[in-house]
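Enquirer: Sequence:
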Amino acid sequence: MRQQIHPILAPVPGTARQIHSFHFGPEQAEGKIYIQSSLHADELPGMLVAWHLKARLAELAAAGRLRSKIVLVPVANPVGLEQVLMDIPLGRYELESGQNFNRLFVDLSDEVGNQVEGLLGGDARLNVALIRDSLRQALDRHLPATQLQSQRLVLQRLACDADMVLDLHCDFEAVAHLYTTPEAWPQVEPLARYIGAEASLLATDSGGQSFDECFTLLWWQLQQRFGERFAIPQGSFSVTLELRGQGDVNHGLASLDCQAIIDYLIRFGAISGEPAPLPDLPYPATPLAAVEPVATPVGGLLVFHALPGEYLEAGQLVAEVIDPIHDRISPVHCRHAGLLYARSLRRMATAGMVIAHVAGLTPYRSGYLLSP
Numbered sequence: 000m001r002q003q004i005h006p007i008l009a010p011v012p013g014t015a016r017q018i019h020s021f022h023f024g025p026e027q028a029e030g031k032i033y034i035q036s037s038l039h040a041d042e043l044p045g046m047l048v049a050w051h052l053k054a055r056l057a058e059l060a061a062a063g064r065l066r067s068k069i070v071l072v073p074v075a076n077p078v079g080l081e082q083v084l085m086d087i088p089l090g091r092y093e094l095e096s097g098q099n100f101n102r103l104f105v106d107l108s109d110e111v112g113n114q115v116e117g118l119l120g121g122d123a124r125l126n127v128a129l130i131r132d133s134l135r136q137a138l139d140r141h142l143p144a145t146q147l148q149s150q151r152l153v154l155q156r157l158a159c160d161a162d163m164v165l166d167l168h169c170d171f172e173a174v175a176h177l178y179t180t181p182e183a184w185p186q187v188e189p190l191a192r193y194i195g196a197e198a199s200l201l202a203t204d205s206g207g208q209s210f211d212e213c214f215t216l217l218w219w220q221l222q223q224r225f226g227e228r229f230a231i232p233q234g235s236f237s238v239t240l241e242l243r244g245q246g247d248v249n250h251g252l253a254s255l256d257c258q259a260i261i262d263y264l265i266r267f268g269a270i271s272g273e274p275a276p277l278p279d280l281p282y283p284a285t286p287l288a289a290v291e292p293v294a295t296p297v298g299g300l301l302v303f304h305a306l307p308g309e310y311l312e313a314g315q316l317v318a319e320v321i322d323p324i325h326d327r328i329s330p331v332h333c334r335h336a337g338l339l340y341a342r343s344l345r346r347m348a349t350a351g352m353v354i355a356h357v358a359g360l361t362p363y364r365s366g367y368l369l370s371p
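Numbered per numbering that gives the first Met the number 0, the sequence shown finishes at 371, counting up by one with no gaps.
The set of hints was computed from the structure by calculation and includes no laboratory data.
Warning: the hint list may mix true and false statements.
What the hints assert, rightly or not - Pair by pair, the computed Cβ-Cβ distance ranges are:
| no. | residue 1 | residue 2 | range |
| --- | --- | --- | --- |
| 1 | D86 | P330 | 31 to 37 Å |
| 2 | V11 | D326 | 50 to 56 Å |
| 3 | G117 | P25 | 31 to 37 Å |
| 4 | D139 | E29 | 18 to 24 Å |
| 5 | P323 | T14 | 41 to 47 Å |
| 6 | I324 | L277 | 50 to 56 Å |
| 7 | P25 | L316 | 53 to 59 Å |
| 8 | E319 | M85 | 26 to 32 Å |
| 9 | K53 | Q208 | 25 to 31 Å |
| 10 | G117 | H141 | 42 to 48 Å |
| 11 | E312 | S370 | 21 to 27 Å |
Predicted model only: the values in this text are computed from it and were never measured.
By construction, the Cβ of each residue, glycine as well, lies at the ideal position given by its N, Cα and C atoms.
All chains, please: the whole structure from these sequences, using the hints.
Expert: If you want it as structure tokens, here you go:
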């Protein structure tokens with residue numbers, strides 16, 4: 000194992016922060032896997048999984064079983080991790096800018112495309128190497144102006160040449176689920192089976208330039224631009240793994256999730272060994288555009304009637320919102336059938352608040368598809 004330390008631009012003197020990356024496997028290996036956790040710094044199940052993975056990868060490296068380079072970043076957001084206000088962690092948005100830590104990563108598709116256009120040819124492997132080299136150069140040229148931009152660039156530089164990117168998150172109260180692209184789904188389906196994903200949500204572009212999509216979108220956009228002239232494969236695929244809810248930080252679940260990722264990497268070929276049998280897929284992959292954000296039109300005490308992992312029929316009661324002053328009870332129903340895979344931790348709802356997400360089958364949304 001080799002540890003590297005990556006400085007982040009300090010906003011004021013005396014406040015420097017760092018990102019630590021741990022590198023496993025043969026340095027000369029062609030394949031590369033990148034895994035990070037807790038980009039939303041108040042989502043900690045993935046950090047514990049990463050800690051388990053660090054120990055397992057060290058054992059596998061010592062046994063000579065790693066075929067690919069594997070880069071692990073257990074703490075992807077030191078800036079957000081320190082944002083605690085009156086004992087409440089605030090790790091989803093940067094307090095200075097109000098920006099979501101997992102949005103607005105640098106889009107370099109046009110810049111890279113312009114640089115490689117006159118160099119691409121008919122050899123797909125050479126084209127991949129050329130594009131990755133151009134992407135690294137473009138990221139190196141990009142100078143951050145703020146601490147948040149600096150943190151984003153460190154993470155992008157670490158992951159930009161990976162074949163696979165796994166971004167470990169969680170929701171508020173949720174079952175295990177994941178986000179990836181329709182193009183990557185055939186490669187990701189075994190991971191969904193191993194991890195027990197009860198929802199697998201697919202979108203090529205969900206609209207937020209999130210960490211996972213800043214890689215897959217670049218390759219997809221280059222394919223759209225040059226695909227009829229040059230051989231450009233999908234040089235990287237990414238998965239956002241949602242490891243249940245914020246409270247699910249325990250060694251039992253983390254050990255299971257760690258083993259599921261190891262099993263997937265064995266099947267993928269990054270680790271030598273006999274692949275474990277594939278479990279059944281709990282719920283089919285569905286379009287992210289078919290997800291219904293269930294919102295309450297009124298505020299009040301939130302009392303749920305449906306659990307994460309429960310399949311709901313169209314019009315089924317999800318929760319009641321109670322006004323304890325005027326004794327009004329407002330039922331909140333889902334409009335579409337589907338699997339309720341996540342719901343809010345808060346129990347005092349505000350008017351217009353999204354209280355749950357239901358994975359339906361038929362797309363009906365477009366444009367920006369993510370939560371804020």
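Enquirer: Confirm or reject each hint.
Expert: The hints, checked one at a time:
1. Hint check: D86 to P330, Cβ distance near 34 Å, so the stated range 31 to 37 Å holds.
2. The hinted window of 50 to 56 Å between V11 and D326 holds, with their beta carbons roughly 52 Å apart.
3. Distance hint check for G117 and P25: the Cβ-Cβ separation is about 34 Å, which falls inside the suggested range of 31 to 37 Å.
4. D139 and E29 have their C-beta atoms about 22 Å apart, which keeps the hinted 18 to 24 Å range intact.
5. Take P323 and T14: their Cβ atoms lie about 44 Å apart, and the range 41 to 47 Å holds.
6. The beta-carbon spacing between I324 and L277, approximately 54 Å, falls within the hinted interval of 50 to 56 Å.
7. In this structure the hint that P25 and L316 lie 53 to 59 Å apart at CB holds, the actual value being about 55 Å.
8. Between E319 and M85, the C-beta spacing of about 30 Å keeps the proposed range 26 to 32 Å intact.
9. Between K53 and Q208 the beta carbon distance is about 29 Å. The supplied range of 25 to 31 Å therefore holds.
10. The hint said 42 to 48 Å for the Cβ distance between G117 and H141, and at roughly 22 Å that hint is violated.
11. Remark: the range hint 21 to 27 Å for E312 to S370 is upheld by a beta-carbon distance near 24 Å.
Hint compliance for this structure: hint 10 is the single one not met.
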